[in-house]
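Numbering (numbering that gives the first Met the number 0), first residue to last: 0 to 446.
For the record, the hints were derived by calculation from the structure and aren't laboratory data.
Because the structure is a prediction, the values reported are computed rather than measured.
Since no wrong hints were added, every one of them can be taken at face value.
With a Cα cut of at most 20 Å, we get these calculated EDC-like pairs of lysine to aspartate or glutamate:
1) K313 - D222
2) K386 - E219
3) K313 - E219
4) K320 - D330
5) K343 - E362
6) K343 - E366
7) K342 - E358
8) K320 - D251
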Amino acid sequence: MLSGCVPNLGARWGWESAVYKIASIEIAGFRGSDRTLRLPMDADVNFFIGRNGTGKTRLMNLLNFALSGDVRNLMQIEFRSVLFRLFRPRDRARPFIRISRGTDEDGYIDLTYELGTSSKAKPQTFRISASDIGGPWMRRQYRLLTETRYYHTDEPSDLARIKQSIDRLIQLSWISVHRAAMEAPEEREKRFESPVDRKAHQVARDFGVYFSVLDKAAAEETDKFQQVYLLALISPSGFEALSSLETVNPEDEKSAIRGMFAEFNIKSSVYASKLESFSKRMAKALANYDPKGPLEANDFLVLTDTIRIHDSVKEWHQLLKKRASIYAPKDTFVSILNGMLYKKRVSINAGNQPIFHSESGEELNLEQLSSGEKQLFILLGETLLQKQQPCIFMADEPEISLHIDWQERLVPSLRKINPNAQIVFATHSPDVVGAYGDNTIDLEKIG
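Required output: the full structure, derived from the provided sequences and hints.
Here is the structure:
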């Protein structure tokens, strides 16, 4: 029975809640070979290249299935063992994930996962046999565990423990919308829309969740500003604060006040005349102000109010900076996608969903985009959903359906959206590789 929550295994094993990247990969027995593939990995960008038949897709599937804990599909790939050595900057720890493929005493394929905090530490070991995931109930449990990153069980199975333990070490983002995964037959029967459309809609739905989180963070900052503003009303203004008046610009203050009123939905007709009157008195009092001379009573009162307003304006500018920082990932995504789309624009509506418009202003849904536009939306959108966190971003032939110009701009654009991702792509396109020619691994030469 599925209930409760899996315990925090990372904490139990002494691991921090941290995300690592891949330092190197070693694969023994890949596709039946006697050789061991040794793949040194760059921290930022990596490409597997080679002609058709060299095993790029099979390799990408192996890496994806191994790191996502997709044991059913991993069992179908021929290899003896795969070792992932992990790292992160300024961290001496070198965790590893090793998966060995063999057979159990009944002749079923089995997998042994070993996860260690260092090369010398005793690893945690889990063993999964094909016989464990053979029955209908186990298939259902397996599907639940592989389709979500949240696990609900009183006594977690080794499969759940494997997946949660991997998630404590790495975050994996995998895109393969043009190649069907090796699904069970009953899963294939449930597919009614194309893989590209299904993935595009999933990304759009995930936008709603992510952008709502950003909205909440921005709203919290706005609440803090309101609190500071209200507290300022009952806080004394000292004479020493008059020295700050030399930097006050009446027009800048007036513009900022308009922004504050607009933020709280106060119509200009309510405040326009009063704001104009006060800004004139402010300008006059500032012009009359001499730090070494006396102040008239009226000017003193105006300048005291000006100090309060100026303090609020400074807090307002800080709020704008914080909100700009919060929304920067979303704004960067929209800017990059609009810079690449041809005669179309994208925006995010009040419901936090992407809305596309043609050059004539006609609203378009996702199905009306071209296959290349959908692919571009998925690639950029999936990168945005990584939330600028360290992430291993894998994709098999991301160039499919993309115009050459988009291929050239793809990796630089992805890195602008998430500079902390470790990109691992299999590609035939020299345009996708671009300036990263030194970051390629030719499987034809090493396989």
